[in-house]
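Colleague: As you go down the protein sequences, you meet chains P and Z in turn.
Number 200 in this note's numbering belongs to position 200 of the first sequence; there are no gaps in the numbering.
Number 40 in this note's numbering belongs to position 40 of the second sequence; there are no gaps in the numbering.
None of these hints come from the bench; they were simulated from the model.
Among the hints, a few may not be true.
Heads up, the list lumps identical chains together, so a pair's fine if it works in one copy or across two of them.
Result set (DSS-like, lysine-lysine): computed pairs, CA atoms no more than 25 Å apart in a straight line [said to hold, decoys possible]:
hint, residue 1, residue 2
1, K129, K314
2, K314, K101
3, K77, K126
4, K62, K101
5, K129, K318
6, K77, K292
7, K126, K25
8, K89, K101
9, K318, K101
10, K31, K89
11, K126, K218
12, K25, K62
Just so it is clear, the structure is predicted and the values come from calculations on it, not from any experiment.
2 protein chains.
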Amino acid sequence: MKEVVAGIDIGGTNTVFGLVDRNGKIIAEDKLLTTSYPDIEEYVSVVVDAVKRSCSRVNNIKLTGIGIGAPDANYYKGTIELAANLVWKGIIPLSSLISNKINLPVAITNDANAAALGEMIFGAAKNVKDFIILTLGTGLGSGMVINGELVYGYTGFAGELGHTIVVPGGRDCGCGRQGCLETYASASGLVRTVLYMLSEMKEVSSLREIAPSELNAKQIAEAAKKGDIIAIEAFDYTAEMLAFGIINAIVFSSPEAVYLFGGLANAGDLLFDPVRKYVDQNVMALFRGTVKILPSGIPENNAAVLGAAALAWKELSK
Amino acid sequence: MKEVVAGIDIGGTNTVFGLVDRNGKIIAEDKLLTTSYPDIEEYVSVVVDAVKRSCSRVNNIKLTGIGIGAPDANYYKGTIELAANLVWKGIIPLSSLISNKINLPVAITNDANAAALGEMIFGAAKNVKDFIILTLGTGLGSGMVINGELVYGYTGFAGELGHTIVVPGGRDCGCGRQGCLETYASASGLVRTVLYMLSEMKEVSSLREIAPSELNAKQIAEAAKKGDIIAIEAFDYTAEMLAFGIINAIVFSSPEAVYLFGGLANAGDLLFDPVRKYVDQNVMALFRGTVKILPSGIPENNAAVLGAAALAWKELSK
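Please construct the entire structure, taking both the sequences and the accompanying hints into account.
Modeller: As structure tokens, this is what we get:
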């Protein structure tokens with residue numbers, strides 16, 4: 001019998017899950033529409049049934065635990081709390097709801113923490129004890145590992161580096177404050193920077209042809225690769241702001257590596273080259289050359305499931 | 001036989017040490033002039049002899065380990081590295097030099113980390129697993145405890161919160177960069193703020209009678225208590241900057257408490273009241289009300305020795 005865990009990634013629209021072995025191999029995968037189940041009890045039944053069905057289709061496996069990645073999840077309490085992007089309101093004790101149905105250990109954490117665990121157990125950080133992962137999508141999520149352990153903090157919500165204020169009185173942030181790192185250093189931050197540069201600069205740019213609501217990081221990366229000045233400047237500024245967030249994180253925890261993951265990180269050298277340059281220029285001398293800025297080692301389309309599965313394996317190893 | 005450790009605090013001018021029991025009671029104390037021993041071998045001999053002499057004067061004790069707090073100390077390597085304020089240049093393997101002479105376990109860390117351990121083992125943080133201590137003297141030192149463990153990071157130099165950049169292009173910092181937190185939120189930062197306000201504002205102030213090189217935090221606190229507008233404004237701005245550093249640290253590690261220690265913290269309510277107000281106003285909503293801002297529980301004149309002793313006890317308990 002091969003032991004597997006189920007890694008479940010709960011998104012606003014879809015719930016994706018996979019059966020994952022100790023080496024990070026995904027043995028089976030399935031998904032369902034989160035939005036179809038506004039009743040949490042029904043959702044739990046449907047997910048548990050789906051996981052069991054997947055297990056029954058594979059020979060010689062034994063399900064030993066479940067890990068869940070979800071927005072606004074609290075690891076300590078096993079809850080999802082006040083999630084703005086999910087159909088369930090209030091405080092949902094998801095771990096106990098699922099564990100009561102399937103009688104297995106269940107752990108839950110937020111998406112970025114799951115990404116950190118995925119990186120640590122299956123990805124590029126296998127032998128790295130002190131690192132930070134930044135997930136650069138619509139927002140900037142982060143997970144921090146110190147001395148081989150994910151940092152949860154007193155509340156369970158540690159690792160909100162996207163909400164470090166980098167420009168007091170700066171851009172409006174979804175958190176209700178202004179100038180947070182994620183309003184600059186994220187895929188949506190890059191779009192905002194392009195809009196600002198279009199307002200300030202006179203250069204011809206293909207980005208002037210795209211409605212702001214349609215504009216995305218991929219288009220900006222493509223324009224930059226074709227020599228679009230606005231796009232290149234926007235990437236440079238985004239990298240400078242990201243590097244600023246990184247150098248302030250470095251004086252805190254002195255990581256060996258910072259991994260970049262997600263939509264914006266897919267721009268490759270366009271992002272990594274200037275980020276490395278600005279970190280090197282501006283980091284405190286004591287830490288210069290001590291921190292590697294690296295791409296994640298987890299394929300993006302599997303990351304959420306592998307992160308959730310890594311959480312399950314980590315819990316089982318305790 | 002009562003077990004004790006020696007806590008040694010190495011300063012630029014003085015070296016102070018004490019024999020400390022498990023409860024943080026200082027059984028004997030002595031000091032010597034650091035500057036008298038530019039030869040490190042001689043210094044080590046003198047310190048070890050002095051510790052032995054102190055032990056021989058007390059009945060029924062057994063010395064079991066040594067902890068050292070020193071500037072620019074590296075816990076992992078047991079070294080003092082390139083310390084600007086000490087007589088010894090280069091990289092000094094102090095732990096092994098002392099341990100070879102006395103045949104006991106020796107550990108070393110920097111002053112602020114020692115303060116964190118002192119707080120955790122003997123002070124106000126005895127039952128607190130996630131906290132930050134900020135030592136507000138000439139600079140701003142910090143020690144972070146996460147999940148009951150001091151954070152050293154990959155390099156051993158983690159916890160340099162004083163060198164978080166809070167004002168890009170701001171005040172010149174001793175680290176060679178600009179706008180670091182400690183140039184605003186420290187005793188010397190407060191003095192700089194007074195000088196700036198004296199330049200900007202027309203108010204009558206007793207602080208105009210003091211030469212800048214003579215001006216210190218205590219005088220400014222006294223002036224503020226007497227209603228001096230410049231002094232009050234300077235404290236308020238210092239508190240706002242300190243709170244800014246704290247709210248950005250909170251999103252990182254979500255501590256249960258932040259302890260303030262050192263010269264500036266002695267100003268009491270004058271500092272704590274506005275710091276708490278600004279933290280509460282500006283912290284990310286997710287963390288509002290979760291973090292206590294508290295004075296250190298260790299008497300200032302014993303803090304360095306108790307911190308170093310706490311390191312020794314912590315190592316012995318491993």
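Colleague: Within a copy, between copies, both or neither: which one fits K25 and K62 at a CA-CA cutoff of 25 Å?
Modeller: within (15 Å within a copy, 56 Å between copies)
Colleague: As a check of your reading, is K31 near K89 (CA-CA no more than 25 Å) within one copy, between copies, both or neither?
Modeller: For K31 and K89, the Cα distance is within 25 Å only inside one copy (22 Å; across copies 62 Å).
Colleague: First find the shortest C-alpha distance between K129 and K318 inside one copy, then the shortest across copies, and answer within, between, both or neither for a cut-off of 25 Å.
Modeller: both (17 Å within a copy, 19 Å between copies)
Colleague: I want to check one pair: K77 and K126. Are their C-alpha atoms no more than 25 Å apart within a copy, between two copies, both, or neither?
Modeller: The answer is between: 24 Å across copies meets 25 Å, while 27 Å in one copy does not.
Colleague: Is the C-alpha distance from K129 to K314 at most 25 Å within one copy, between copies, in both cases, or in neither?
Modeller: For K129 and K314, both the intra-copy (14 Å) and inter-copy (21 Å) Cα distances are at most 25 Å.
Colleague: When Cα atoms must be at most 25 Å apart, do K89 and K101 count as within-copy, between-copy, both, or neither?
Modeller: Result: close within a single copy only, 21 Å intra versus 65 Å inter.
Colleague: Within, between, both or neither: how does the pair K77, K292 come out at a Cα-Cα threshold of 25 Å?
Modeller: between (34 Å within a copy, 21 Å between copies)
Colleague: Quick one: K314 to K101, C-alpha cut-off 25 Å, is that within a copy, between copies, both, or neither?
Modeller: Cα proximity of K314 and K101: one copy only (22 Å, versus 43 Å across).
Colleague: Is the C-alpha distance from K126 to K25 at most 25 Å within one copy, between copies, in both cases, or in neither?
Modeller: within (15 Å within a copy, 44 Å between copies)
Colleague: Under a CA distance limit of 25 Å, which applies to K126 and K218: within one copy, between copies, both, or neither?
Modeller: This pair counts as neither: shortest intra-copy Cα distance 29 Å, inter-copy 51 Å.
Colleague: Please work out whether the CA atoms of K318 and K101 approach to 25 Å or closer within one copy, between two copies, in both situations, or in neither?
Modeller: within (23 Å within a copy, 41 Å between copies)
Colleague: For the identical chains here, do K62 and K101 meet the 25 Å Cα criterion within one copy, between copies, both, or neither?
Modeller: within (17 Å within a copy, 57 Å between copies)
The structure is inconsistent with hint 11 alone, although it conforms to all the rest.
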